[in-house]
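Protein chains in written order, with this note's numbering: chain A, 1 to 283; chain B, 1 to 124.
Heads up, some of the hints might be wrong.
Reference excerpt, derived from the structure (chain A facing chain B, CB under 10 Å, subset only) [stated by the list, open to error]: (1) Phe152; (2) Pro155; (3) Asp156; (4) Glu161; (5) Asn170; (6) Ile171; (7) Thr234.
No lab work stands behind these hints: they were computed from the structure.
Yeah, the Cβ is synthetic: ideal placement off N, Cα and C, and Gly gets one too.
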Amino acid sequence: MIASLEPIVGRYVTLEVAGRPSRVYFEEAGQGRPVLCLHTAGADTRQWRHILNDPGLTATNRFIAFDMPWHGKSLPPGGFQTEEYLLTTEGYMETVLAMVAALGLDKPILAGCSMGGRIALQLAALHPDVFSGFIAIEASDFQPAWYDIDWFHRPDAHGGEMGAALVSANISPYAPEAERWNTLWMFMQSGPGVFRGDLSFYTKDDSLVRRLDRIDTRKTPVHLLVGAYDLTCTPEDAARTAAAIPGATLAVMDELGHFPMSEHPQGFRSYFADALDRMPAAA
Amino acid sequence: MLDRFQAAQRRLESQPHLLRLGALFTETVLVEIDGAEIYLHFEEGRLVSVMPGPSRKTPWRFALRTDRAALEAFWQPRPAPGFHDIFGLVKIGRGRIDGDILALVKNLRFFKEFMALPRQGDLA
Numbered sequence: 001m002i003a004s005l006e007p008i009v010g011r012y013v014t015l016e017v018a019g020r021p022s023r024v025y026f027e028e029a030g031q032g033r034p035v036l037c038l039h040t041a042g043a044d045t046r047q048w049r050h051i052l053n054d055p056g057l058t059a060t061n062r063f064i065a066f067d068m069p070w071h072g073k074s075l076p077p078g079g080f081q082t083e084e085y086l087l088t089t090e091g092y093m094e095t096v097l098a099m100v101a102a103l104g105l106d107k108p109i110l111a112g113c114s115m116g117g118r119i120a121l122q123l124a125a126l127h128p129d130v131f132s133g134f135i136a137i138e139a140s141d142f143q144p145a146w147y148d149i150d151w152f153h154r155p156d157a158h159g160g161e162m163g164a165a166l167v168s169a170n171i172s173p174y175a176p177e178a179e180r181w182n183t184l185w186m187f188m189q190s191g192p193g194v195f196r197g198d199l200s201f202y203t204k205d206d207s208l209v210r211r212l213d214r215i216d217t218r219k220t221p222v223h224l225l226v227g228a229y230d231l232t233c234t235p236e237d238a239a240r241t242a243a244a245i246p247g248a249t250l251a252v253m254d255e256l257g258h259f260p261m262s263e264h265p266q267g268f269r270s271y272f273a274d275a276l277d278r279m280p281a282a283a
Numbered sequence: 001m002l003d004r005f006q007a008a009q010r011r012l013e014s015q016p017h018l019l020r021l022g023a024l025f026t027e028t029v030l031v032e033i034d035g036a037e038i039y040l041h042f043e044e045g046r047l048v049s050v051m052p053g054p055s056r057k058t059p060w061r062f063a064l065r066t067d068r069a070a071l072e073a074f075w076q077p078r079p080a081p082g083f084h085d086i087f088g089l090v091k092i093g094r095g096r097i098d099g100d101i102l103a104l105v106k107n108l109r110f111f112k113e114f115m116a117l118p119r120q121g122d123l124a
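Let the hints inform the model, and build the full structure from the sequences given.
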């Protein structure tokens, strides 16, 4: 007997980012309104698999999630072996915009978590015409690091294992044990220096602070979601950010942490469904 | 509090995965609770001694300083936000970590899971 197959389908596309080709892996499921999903630092598209496998959500939404270059099954660009990977706001935005163009997505909703939420808000401020709305999860204007990012890329230690042990501080004790460890596994698998390179952008670039008031939520609604157990982007950080965006809305998820769609899919579902309901219908 | 750490010491012996993860961890850790010192001496993942302070002669690699109520909250099966992790205690101002933090981070999973052993129920 053939096993029951999940509806998620994965493919590859080559994007041009910073003048170089980049082979990017993406997954999709569902039909209808396009929703582009961004993973957190140091992880990959697997964080979104529960949403992409949810028939109640995929009935009317076409979810697309992609691994950023250097992450998951996307390759680093040619010549990476002598490069120091340091993500930038500009490079990240260019990658997301290239993905929208490559797949011909018509005004997708952009849903991003952590650094993905941060870049969603940057795009809301700088490229709102490309999208129809923004769901910013565990996202805020800026937080400096409460750790040393260089810990995660050293020749005398395993950056992935250290990174996983550190980010476990951001997972709620309500998270089911299996999903807690599936979430941490992605960090354990992250390529050398990748988590550090993501965090470099996330913990040093505060340019969003001065751009939040440019966001026009009458044209593109913004809904923020934040877990009470998130130590990196706390509910206070998210509330401060939401307050600086006229018309933005915020929901605090009492029993969730920094990786809600991955660490506790059941607990996250109703909050994400509500966020989708707040977004415009398909164009 | 000394008895809680002695009980955790016994429980550690029944956690083969922690003994494996801590196989390269041979350090002395200072835990300070409301100013009272407890020195935990680990050898290759085993907690070989739990010594009360005060001591000015015991070198330690890193220290976790907190208070009794915070630690009790940390040991609840489902701690409140901030009390759910040793870095959470630091973030909410109920803990401080000093010393060779890199030694802690290199052994972070081991040490965090050791510290959380009392969450698993009665350690008496």
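Quiz item: Is the shortest C-beta separation between A/Phe152 and chain B less than 10 Å?
Solution: Holds, about 9 Å.
Exercise. Please verify that hint: A/Pro155, Cβ, nearest Cβ of chain B, below 10 Å or not.
Key: Where the cut-off is 10 Å and the nearest Cβ of chain B is about 12 Å from A/Pro155, the hint is violated.
Quiz item: Do the numbers back the hint for A/Asn170, that is, is its least Cβ distance to chain B under 10 Å?
Solution: Because about 8 Å separates A/Asn170 from the closest Cβ in chain B, which is inside the 10 Å limit, the hint holds.
Self-check item: Agreement of hint A/Thr234 with chain B interface, Cβ distance less than 10 Å
Solution: Where the cut-off is 10 Å and the nearest Cβ of chain B is about 8 Å from A/Thr234, the hint holds.
Quiz item: Given A/Ile171 was flagged as interface, is its beta-carbon under 10 Å from a beta-carbon of chain B?
Solution: Check passed: Cβ of A/Ile171 comes within 8 Å of chain B, closer than 10 Å.
Quiz prompt | Hint validity - A/Glu161 Cβ closer than 10 Å to any chain B Cβ | solution = holds, 7 Å
Quiz item: Given A/Asp156 as an interface hint, is the shortest Cβ-Cβ distance to chain B below 10 Å?
Solution: holds, 8 Å
In the structure shown, a violation is registered for the earlier hint numbered 2 alone.
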